[in-house]
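K.L.:
Construct all of the structure, not just a fragment, from the sequences and the given hints.
Here the protein sequences line up with chains A and B, keeping their order. Per my numbering, numbering through the first sequence is continuous, rising by one, with the last residue being 345. Per my numbering, numbering through the second sequence is continuous, rising by one, with the last residue being 345.
Quick caveat, the hints were computed from the structure, so don't treat them as lab data. Any given hint might turn out to be false.
Because identical chains share one entry, a pair is satisfied inside a single copy or across any pair of copies.
[Said to hold, decoys possible] Listed next, the in silico SDA-like pairs over lysine to any residue satisfying Cα-Cα at most 25 Å (straight line): (1) Lys163 with Asp144; (2) Lys140 with Pro180; (3) Lys163 with Ile207; (4) Lys163 with Thr271; (5) Lys163 with Pro312; (6) Lys140 with Asp119; (7) Lys140 with Arg201; (8) Lys302 with Val285; (9) Lys302 with Val257; (10) Lys259 with Arg287; (11) Lys163 with Asp119; (12) Lys302 with Asp199; (13) Lys140 with Leu224; (14) Lys140 with Glu339; (15) Lys302 with Leu208; (16) Lys163 with Ser215; (17) Lys140 with Ser123; (18) Lys140 with Leu283.
In case you want the letters, here they are:
Number of protein chains: 2
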Amino acid sequence: MSNPTAAMLVIGDEILSGRTRDSNMHFLAGALTKAAIDLREMRVVSDDPDAITDTVKGLSAAYTHVFTSGGIGPTHDDITADNVARAFGRPIDVRADARAILQEHYDRSGLDLNAARLRMARIPDGAALIDNPISAAPGFTIENVHVMAGVPKIFEAMVASVLPTLTGGAPMLSQSLTVHRGEGDVAAPLAALATKYPSLSMGSYPFQRDGAFGTNLVVRGQDGAAVDAAMAELAALFG
Amino acid sequence: MSNPTAAMLVIGDEILSGRTRDSNMHFLAGALTKAAIDLREMRVVSDDPDAITDTVKGLSAAYTHVFTSGGIGPTHDDITADNVARAFGRPIDVRADARAILQEHYDRSGLDLNAARLRMARIPDGAALIDNPISAAPGFTIENVHVMAGVPKIFEAMVASVLPTLTGGAPMLSQSLTVHRGEGDVAAPLAALATKYPSLSMGSYPFQRDGAFGTNLVVRGQDGAAVDAAMAELAALFG
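P.N.:
Here it is, written out as structure tokens:
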């Protein structure tokens, strides 16, 4: 049996203008090779409705899987979700499950789920959500197209969420903890914990909010009991 | 008047497998933005004859310019030139002008212009050569498609060769000098010379051959008299 095939679609004017250097193509290429999925082509298109819709249609018909990156944030030029929905003739609106995920995330952060942020809960009918352990706003899978964020750390986490479901592996589970300390304060205890749980991956994602530093700690793995145990230790350390 | 449009096509299994991280897309994106050419899409395809031919045809019809990178070296899987020729229904064979450039380069280097290297003189009928000041083997322009090497330093030099001809600027002239010293020995005098000729760009490209280090020095600019003068000084310093 030959390997499943795949294409990648990067969406964003900032890549085509040279302002931003893409790193998601190289990351995905390596991840798919390890997963024995043949990446046959990659494309970069601009934030243009027809370019997105036409390319998604064409690639979806030609390959087993399509992975997209970019254009699912809160700003007016984040038009990927709407145009992927259009490619499949599906309605799209704010969906209750995605909204609940965002609401919980922003409640926890003490931030307002305003109209801009609510855009990130627009999900096509029938799509399955892709877990975003870093900044909550989910990606989604519709038919054979996996729609993910452009920010590299988030893209990489979403690939880790979705890839095991394609290769028949156990799905990746994740939990996160927000601590109000800078990354430098949490690095050493986190590294010690990572050594204790070699089957899990542990990441730290610093942020700055209202002038204060904080870090989101994310624990990921296929063994749910191990993830729970590690999270309990993390909470005891930093809770 | 709106800007001319462009697409880029990267050819190479090594990019799709994740073994190599492409840098030519980001370089070209920046260079085209500076040249006021709108880069509308980029694609990466594998070393597959139909993928190359079909993509070149499609992009050539859709955009003012198409820039390709990769697949014009001496090995059996370097099939870009043949398939670009096929896209335009043009015959292709070893061409006398390209062969002469390679012959001179390899004579100077004391290397044999063997059958593998001679593949790099295969140029479609009617194509114009693109100067390669670094390793001689030329790129070419056929209709609106500019076929260039994948090695980043060479790709970048070829872009510098071809871009002024598209924007109506004076063509870029280049001369090179091979010195049998390592790059570390030539860096300081070259930097001093670059300061003296601010309108020129000076590059050094180290190589190792038969266990000995050497460096190709390349002087580029639009002012031929300045290039000549700088080369004379270089020759006096290192000749």
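K.L.:
Now tell me if each hint is right for this structure.
P.N.:
Here is what the structure says about each hint:
no.: 1; hint: Lys163 with Asp144; result: both (19 Å within a copy, 24 Å between copies)
no.: 2; hint: Lys140 with Pro180; result: neither (32 Å within a copy, 29 Å between copies)
no.: 3; hint: Lys163 with Ile207; result: neither (29 Å within a copy, 45 Å between copies)
no.: 4; hint: Lys163 with Thr271; result: within (22 Å within a copy, 37 Å between copies)
no.: 5; hint: Lys163 with Pro312; result: neither (37 Å within a copy, 46 Å between copies)
no.: 6; hint: Lys140 with Asp119; result: between (29 Å within a copy, 15 Å between copies)
no.: 7; hint: Lys140 with Arg201; result: neither (34 Å within a copy, 42 Å between copies)
no.: 8; hint: Lys302 with Val285; result: within (21 Å within a copy, 55 Å between copies)
no.: 9; hint: Lys302 with Val257; result: neither (29 Å within a copy, 43 Å between copies)
no.: 10; hint: Lys259 with Arg287; result: within (19 Å within a copy, 43 Å between copies)
no.: 11; hint: Lys163 with Asp119; result: both (20 Å within a copy, 24 Å between copies)
no.: 12; hint: Lys302 with Asp199; result: neither (43 Å within a copy, 62 Å between copies)
no.: 13; hint: Lys140 with Leu224; result: neither (35 Å within a copy, 36 Å between copies)
no.: 14; hint: Lys140 with Glu339; result: neither (31 Å within a copy, 52 Å between copies)
no.: 15; hint: Lys302 with Leu208; result: neither (32 Å within a copy, 59 Å between copies)
no.: 16; hint: Lys163 with Ser215; result: neither (38 Å within a copy, 51 Å between copies)
no.: 17; hint: Lys140 with Ser123; result: between (31 Å within a copy, 9 Å between copies)
no.: 18; hint: Lys140 with Leu283; result: neither (29 Å within a copy, 44 Å between copies)
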